[in-house]
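Peer 1: The listed protein sequences correspond, in order, to chains C and R.
Just so you know, numbering that gives the first Met the number 0 puts 203 at position 204 of the first sequence, and the rest follows in order with no gaps.
Just so you know, numbering that gives the first Met the number 0 puts 210 at position 211 of the second sequence, and the rest follows in order with no gaps.
Source of the hints: derived by calculation from the structure; they are not laboratory data.
Errors might be hidden in some of the hints.
[Stated by the list, open to error] Across the chosen pairs, the derived CB separations fall in these ranges:
#1 C/124 - R/85: 34 to 42 angstroms
#2 C/318 - R/8: 33 to 41 angstroms
#3 R/289 - C/315: 56 to 64 angstroms
#4 R/301 - C/287: 55 to 63 angstroms
#5 R/107 - C/124: 28 to 36 angstroms
#6 C/163 - R/62: 41 to 49 angstroms
#7 R/181 - C/163: 55 to 63 angstroms
#8 R/274 - C/273: 44 to 52 angstroms
#9 C/74 - R/274: 33 to 41 angstroms
#10 R/181 - C/109: 38 to 46 angstroms
[Unchecked claim] Here chain C is said to cover these stretches of chain R; the calculated rule only asks that three of the stretch's residues, wherever they fall, bring their Cβ under 8 angstroms from a Cβ of chain C:
#11 12-20
#12 100-113
#13 206-218
#14 254-266
Positions of the beta carbon are idealized from the N, C-alpha and C atoms, including for glycine.
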Amino acid sequence: MRKVLRALLIIHTAILATACGTKTSGAGDDSVFKVALLTPGPISDQAWNSSAYRGLERIRDSLGAEISHIQTKTPAEFEENFRQYGAKGFDLVIGHGFEFQDAAQRVGPEYPNTVYVTTGGTGTGNNIAALSFAFDEPSYLAGIAAATVSQSGIMAVLGGTELPPVKASFAAFEAGAQSVRPDIKVLTAFIGNWDDAAAGKEQALALLSRRADVIFQNADAAGLGAFQAVRENGKSFVIGANADQNAVAPEVTLGSVVIDLPHAFLLVAREVQEGSFRPRVITYDTKSDVVRWVPNPGLTVIRPHVQAHIESLRAQFVDGSFKLPTAATP
Amino acid sequence: MIEFGVLLLPFLEASLRTATPLGFAALGELVTERAGVINLGLEGAIIAGCFGALAGAGLGGPYAGVLAGIAAGAAVAMVFAVFVLALRADQIIAGTAMTLLALGITGTLYRLVYGAGGAALDTPTLAPWALPGLSSLPGLGPVLFTQPLPTYVLYLLVPALLWWMHRTGAGLALRAIGEHRAAAEAAGVRSQRSRAAAIIFGGAMGGLSGATLVLAQVGTFNEGMSAGRGFIAIAIVVLGRWSVLGTALAALVFGAAFALQYLFQAMDWALPYQLFLAFPYVLTLVLLALLRGRAAAPLELGRQD
Numbered sequence: 000m001r002k003v004l005r006a007l008l009i010i011h012t013a014i015l016a017t018a019c020g021t022k023t024s025g026a027g028d029d030s031v032f033k034v035a036l037l038t039p040g041p042i043s044d045q046a047w048n049s050s051a052y053r054g055l056e057r058i059r060d061s062l063g064a065e066i067s068h069i070q071t072k073t074p075a076e077f078e079e080n081f082r083q084y085g086a087k088g089f090d091l092v093i094g095h096g097f098e099f100q101d102a103a104q105r106v107g108p109e110y111p112n113t114v115y116v117t118t119g120g121t122g123t124g125n126n127i128a129a130l131s132f133a134f135d136e137p138s139y140l141a142g143i144a145a146a147t148v149s150q151s152g153i154m155a156v157l158g159g160t161e162l163p164p165v166k167a168s169f170a171a172f173e174a175g176a177q178s179v180r181p182d183i184k185v186l187t188a189f190i191g192n193w194d195d196a197a198a199g200k201e202q203a204l205a206l207l208s209r210r211a212d213v214i215f216q217n218a219d220a221a222g223l224g225a226f227q228a229v230r231e232n233g234k235s236f237v238i239g240a241n242a243d244q245n246a247v248a249p250e251v252t253l254g255s256v257v258i259d260l261p262h263a264f265l266l267v268a269r270e271v272q273e274g275s276f277r278p279r280v281i282t283y284d285t286k287s288d289v290v291r292w293v294p295n296p297g298l299t300v301i302r303p304h305v306q307a308h309i310e311s312l313r314a315q316f317v318d319g320s321f322k323l324p325t326a327a328t329p
Numbered sequence: 000m001i002e003f004g005v006l007l008l009p010f011l012e013a014s015l016r017t018a019t020p021l022g023f024a025a026l027g028e029l030v031t032e033r034a035g036v037i038n039l040g041l042e043g044a045i046i047a048g049c050f051g052a053l054a055g056a057g058l059g060g061p062y063a064g065v066l067a068g069i070a071a072g073a074a075v076a077m078v079f080a081v082f083v084l085a086l087r088a089d090q091i092i093a094g095t096a097m098t099l100l101a102l103g104i105t106g107t108l109y110r111l112v113y114g115a116g117g118a119a120l121d122t123p124t125l126a127p128w129a130l131p132g133l134s135s136l137p138g139l140g141p142v143l144f145t146q147p148l149p150t151y152v153l154y155l156l157v158p159a160l161l162w163w164m165h166r167t168g169a170g171l172a173l174r175a176i177g178e179h180r181a182a183a184e185a186a187g188v189r190s191q192r193s194r195a196a197a198i199i200f201g202g203a204m205g206g207l208s209g210a211t212l213v214l215a216q217v218g219t220f221n222e223g224m225s226a227g228r229g230f231i232a233i234a235i236v237v238l239g240r241w242s243v244l245g246t247a248l249a250a251l252v253f254g255a256a257f258a259l260q261y262l263f264q265a266m267d268w269a270l271p272y273q274l275f276l277a278f279p280y281v282l283t284l285v286l287l288a289l290l291r292g293r294a295a296a297p298l299e300l301g302r303q304d
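One chain only, chain R, in its complex shape:
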């Protein structure tokens, strides 16, 4: 019998680590989508966040890196907002273009700044903090509370968003815009401003997702390292039925699926590795099929002006 007890802890840690960047990106996209805008440029915001984090950390340490990552993600989203809101471009096409643009620009900048040799592994990273008391709780204590800063931010982001979206006027206005913009405007909501804010928030969270990858996990940048996480995050929002808790939970499910996949491959089972790699995606399809039911997408989602 394989030592499952020994593997449980590494599995839970891996789930949480993998879920963290996905969670940021998905919650940011959730806010954007609740305002009726689908931002396929999320992948671009993540890779911009990765590069921003690397550059910022090199200049001013890991915390400066986090801020720079957030700013870079927000900047990409701002460009998207200009195209979609001011120039009224198609959301899908503008988003795709932003992703391509950001992947290209970060690659080019990386080579310009760091040369073909790359940045190696000497980026200052965020060490895990053990929260006194909580981290020594039996069971999940060490897993949940010995984490780098971004994970704690994510813990706080979920209740904060939940409160903001359902208990504040601005949250209500945002949801109203996503469901019926004309009615919201008739009620005096300034929809352009709210949508712009929602898009930029989404980009900032994408940037934070990228900063987490670089500063809390890998410790370096490489071209294309976002590796499709933006698109997975968009799928997570769908899987989470456009709710805050659902999205957070779906991100965790995804993180667990990837972690399980890593562990399966390490098991020395004589099965083709492609089976394991496909596992998280097959799981998504199955869950989506099972969760079919009432439509939960914001009615204005993706609608062009």
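Here chain C stands alone, though its shape is the one from the complex:
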């Protein structure tokens, strides 16, 4: 019995150490605007999660909010953490990903004074909103740029897991590529998680061995492996996703399909702080300049007439004269 107790003590210590990343300076003062962020992965991934954390920091710096962040691991924790923040009287809780929407639906009604926002998804409620990013629009533009750079006529998309927004983005990338080069082939692969950078590298190498010479990766921390593979290969290009990843491996990165999460987060947080928040699906597209294709300024491989074509399409996204056939991004 004593041994079991001792062992449980070890586990307890271990869990405490695991939860160290949490920064909550406690509830208490109700007048302070309090904002929390739940990320599905580590905020050091230089992509989806680190960009969200920068958004949280911007809310702190611009709106004087008290902030808290938790990295969740399993869906079971989504609800628990949503509930915790509701009980602590947070004003805004952001679940960073499509996968948080069910938990928001269940917990939202229990804490009517807290606004729950999920990035991705379509679920809304009295105090629940979803941020929807037209990530497919810049993905389409990236596809055009990539197709004109590819020598082999084979490209690849590499994802963490097949979340609907990732799938939509990959489909748009392929459509964009085929709009300028109908015979181009796009291979698809998924790593199965968002952390295993070694697996990301191996999967990228396998795609390169199939003669793919542009890889559009959307795998967060695991995607860093794809950058490494392409850099070692030296004859191919990689495209970043979610954050501006052009600096990760500047000599081989064609560009990044960026979501300006700090900007999007600040907009919704300001609404909540001012009391003008309305529950809805808030769509951020090319027009709101939250999503954009950012070519790597250090590379000159995208030819000027291609740049011009991309720029004109971007303008058409903005004025609404061009819409993607698969415009509904979940």
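Following the hints, complete the assembly by docking chain R onto the known chain C.
Peer 2: Relative to the frame of chain C, chain R by itself:
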């Protein structure tokens, strides 16, 4: 017809690369288990090795990184040894706790040292060495002998362990402890000391596994990048029937299964990708079922004092 010849070489290279970190971790765990201790903290030793390698390489270059990775893995195992041997805690629970602890601590340290921006891809890495002569052998020469340092260490580790375990007194003592500790002690073996050494060796190999991931493969660290390799390594030991050669072979089989999975996904076959991702694990289950037969586990394995 798809160009299978062209893909064979990349496949073999990928198999060996994927098998190397698994091989280190599994052979280390094998030694620990042969002493009758199951260390589920192996995953923790690997992630500690990853972080140690990153920090060491940043300070003193890639070789310092390898040493730091080994030391970090050994340190995690030392804590486990204290709990299991000195405090007599349950091995399963203590091991699980060490894995959780190491995953948490490395993540926290990483953010403290490198900030939320991460370490990027600028860690100095171990370049492959082509062994003169051997690397130009026809066929497998270039695959086997144009590798970074850790792979060659692994080549040497297998025969060295085989010799040590079966041809030395210390190896015999270790196996005796794992099979019948009381008898071994009656014969004058100092079992606590041997077990502590076996646990620390296992952790050091876990650390080397992590260092290989960071310095010979990815070139950076990210939180949770061990991604379950410690648990796969424990399964590899079972699959290898607790023998040195069996474990090395099982690691290779696993490496090949993963490499095949990567290649399958790159084939543009219209099949759900989950099928390919499950392939290595399905293969394990099938192999385990086929290899059922005489029990090979050390009799003292996991037994509490």
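Peer 1: Each hint should be assessed against the structure and marked as holding or not.
Peer 2: Going through the hints against the structure:
1. For the hinted restraint 34 to 42 angstroms between residue 124 of chain C and residue 85 of chain R, the CB-CB distance of approximately 54 angstroms leaves it violated.
2. Here the CB-CB span from residue 318 of chain C to residue 8 of chain R is close to 51 angstroms, at odds with the stated 33 to 41 angstroms.
3. Here the CB-CB span from residue 289 of chain R to residue 315 of chain C is close to 60 angstroms, well matched to the stated 56 to 64 angstroms.
4. In this structure the hint that residue 301 of chain R and residue 287 of chain C lie 55 to 63 angstroms apart at CB holds, the actual value being about 58 angstroms.
5. Checked against the given bound of 28 to 36 angstroms, the beta carbons of residue 107 of chain R and residue 124 of chain C, roughly 35 angstroms apart, stay inside it.
6. A C-beta distance of roughly 46 angstroms is found between residue 163 of chain C and residue 62 of chain R, which places it inside the suggested range of 41 to 49 angstroms.
7. Between residue 181 of chain R and residue 163 of chain C the C-beta distance comes to about 60 angstroms, which sits within the given range of 55 to 63 angstroms.
8. For residue 274 of chain R paired with residue 273 of chain C, a C-beta distance near 50 angstroms keeps the hint of 44 to 52 angstroms intact.
9. For residue 74 of chain C paired with residue 274 of chain R, a C-beta distance near 23 angstroms fails the hint of 33 to 41 angstroms.
10. For residue 181 of chain R paired with residue 109 of chain C, a C-beta distance near 58 angstroms fails the hint of 38 to 46 angstroms.
11. Counting residues of the stretch 12-20 of chain R whose beta carbon lies closer than 8 angstroms to any beta carbon of chain C gives 4, which meets the minimum of three for the stated coverage.
12. For a cut-off of 8 angstroms, the count of residues in the stretch 100-113 of chain R with a CB near a CB of chain C stands at 9, and the three-residue condition holds.
13. Counting residues of the stretch 206-218 of chain R whose beta-carbon sits less than 8 angstroms from any beta-carbon of chain C gives 4, enough to reach three: the coverage restraint holds.
14. Figure legend: the stretch 254-266 of chain R, annotated as covered by chain C; annotation consistent (7 residues with Cβ-Cβ distances under 8 angstroms, at least 3 required).
Checked against the numbered hints above, the structure violates hints 1, 2, 9, 10; every other hint is satisfied.
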